[in-house]
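> Take these sequences, add in the hints, and give me the full structure.
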Amino acid sequence: MQITDQTPSTPPLLEVEHVSMRFGGLVAINDLSFTATARRITAIIGPNGAGKTTLFNCLTGFYRPGVGRMTLHHPVRGPVRLERLEGFRVAREAGVARTFQNIRLFPRMSVLENLIVAQHHVLMRASVCTIAGLLGLSRYRRAEAHAVGKARHWLERVGLVAHADREAGTLPYGDQRRLEIARALCTDPLLLCLDEPAAGLDPRESQDLNRLLRSLRAEGVTILLIEHDMSVVMEISDKVVVLDHGQKIAVGPPAAIRTNPAVIRAYLGEEEDEPLPPEITGAIGEEGKAHG
Amino acid sequence: MSARLLKHGAPSPVLVTAIREAALTGLLVVVLAVPFLGLKIENAGNGLLLETRWPAAFIAVGLAMGGRVLLVLGREWWHRPAVFDRFPGTVFLSERPLWGLGMAGILLALFLPLLLPNRYAIDTATTLLIYVMLGWGLNIVVGLAGLLDLGYVAFYAVGAYSYALLSLYFDYSFWLCLPLAGLLAALFGILLGFPVLRLRGDYLAIVTLGFGEIIRVVLTNWNTLTHGSQGISGIPRPSFFGLPFGVAVEGGPVTFSAFFGIAHDPLHRVIFLYYLILVLALGTNAFTLRIRRLPIGRAWEALREDETACRALGLDPTTIKLSAFAIGAMFAGLAGSFFAARQGFVSPESFAFLESAIILAIVVLGGMGSQTGVVVAAFVLVVLPEWFRDFVEYRMFLFGAAMVAVMLWRPQGLLSHRAPTLRLSPGPAPPH
Ligand SMILES: Nc1ncnc2c1ncn2[C@@H]1O[C@H](COP(=O)(O)OP(=O)(O)O)[C@@H](O)[C@H]1O
Ligand SMILES: [Mg+2]
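These protein sequence lines are chains A and B, in that order. Positions 1 to 292 (the numbering used here) are the ones given, in order, by the first sequence. Positions 1001 to 1432 (the numbering used here) are the ones given, in order, by the second sequence.
Quick caveat, the hints were computed from the structure, so don't treat them as lab data. Glycine included, C-beta positions come from ideal geometry on N, C-alpha and C.
With beta-carbon atoms standing in for the labels, derived distance ranges:
(1) A:107 <-> B:1199: 17 to 25 Å
(2) B:1103 <-> A:141: 19 to 27 Å
(3) B:1183 <-> A:146: 29 to 37 Å
(4) B:1175 <-> A:141: 31 to 39 Å
(5) B:1234 <-> A:146: 53 to 61 Å
(6) B:1103 <-> A:89: 38 to 46 Å
(7) B:1405 <-> A:102: 30 to 38 Å
(8) A:102 <-> B:1114: 51 to 59 Å
(9) B:1234 <-> A:89: 51 to 59 Å
(10) A:22 <-> B:1403: 45 to 53 Å
(11) B:1183 <-> A:238: 55 to 63 Å
Here you go:
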């Protein structure tokens, strides 16, 4: 039933092998293996509770999977085993950044400060553990100016420069989502994990997001994308991994996933869960017709 | 927008609310007032006598109900939303006006000994400044890093006993002990912080409360080292950079007054101590204002805002918390050694939980993270009770009432503002 992964022209950046994660009796991820090709967008889709967020939590060091290996092929450091890193080291040592399904900003800090905190390590080094900073040495001031420059760059990219000095928590929902992405990008990630970034966006914002993700891909960022909106998935992803009840039920290019009977069954046949929103069923059907 | 007060015609919803809330309040006060005010047990020589004081209870109920009605109506009058809906949805306020206030405060503090050259005033101001410094130190831990520390006084004790013991056993001078006390307190902060900082919120508060008590109990019971509850007396007073303040004696060391060729005045020492704590406190403030704008300070605030997001960005929560804990402790240690030097006497009694509570109250009342707020709150909590010494039995009552009032009307504290630590647009730069 499974569609085999086409051999990628570029080597995988991330290799997930036989990963399982259980919570007590509940198997949230069951023997999951897949790869994310460097400089490509890999979408992770699946019904609610399929284990997508749990997968991100494993990758970014919040959970430690009971079994399995997660290897990130770092161009400088070589292979890095994510499950062996202490949680907070994943971002810096493996270059994996993420956003959260429920946005997690620093709400009472300004937009700009949110982006500066993301560059903590660079600035900490420049401030020589605060001492050069306390003395106000030019070395630190230069580093700070550079950090502000990077923050400004990403704010321009997501269209938030005008709001740079606002309190992050007062931004409208869509802006908060984009700010969270900009913040993750300020860590210079190799792998960017986005947990439902289009949730709650209006169609125009969603289009902007697609454009941003495509340009990031062109600049060499590898993206793992959890997404519910099938039209987004079909439009921008290079590869789709479908999860259901912690199980990988399909993997392949979007065109193949759209017509995959197991996927359609997983989405349509989940009566025990909440009913599927019409835009998803609609998108699957329409896309299927349009390309079929 | 909302219904105006006391319109003619049908009873306005406000009035209905007012009456309903007043009735509820009245009921509550009846329950409380009958046993506490209405009944009184009198010792009548050969037994106990139950007296009744119904008028008192009646007045209490009436006052409470009337107050509630006024509260509800007043609230409506100002078109304010209900008390509990008004949690701060703050925007950044300009720090400018506060900055002016701060400058005025500093000027006043600098010239205080000239304006009020009496011992009592300067002593009170010195006490106030000790609490301001402690408040500023704790503000780093609670206000910036968001770690609820109920045992802050432990580090104050470490600082005080550091000086007391080092001078008692090794004859170290105050000026040597001051930095040592700061270092030792910071070290204690790290030692105590290491095991507990994995805990969050309430758990952390309870464990720090325990540590605060442990330090006090150790100081009370380690008789051979600390002289137990008797305390250590005869702690040498600080000199004016080597010149003691005493009366010049034949063949003794050159005193401050002799060196400067002025008449001996016991006020000199008091004024010197005042300026010493002023410098220490302002140093604490300057340090905090500066470090807020450095990566470590921003990391503290980020940690207070969202620890999970910090981890995802590669910040190590343990180190960041430890640094806040240690630096906060260091300032308590410095204040502690000053306290020991000023009193010339330390005993464990000075470091009871109530002190931690007062310092925390200063931070919370002032507005967490607000440096000016700490000064205002310290004034309210330390100096006002001094002025109202005649009402000393009501002190705790006023204290409690003030806290309740602040939590109702300004849950964010008296002064709560947060200016961003750097800006993209060239706006008014936050002052240093
Ligand atoms: N920390 C946790 N403890 C217990 N169960 C969890 C935890 N996190 C996730 N789960 C469970 O794992 C399953 C997968 O959840 P999740 O990964 O959030 O799904 P989704 O694909 O919608 O993101 C769900 O059944 C969820 O209840
Ligand atoms: Mg999810």
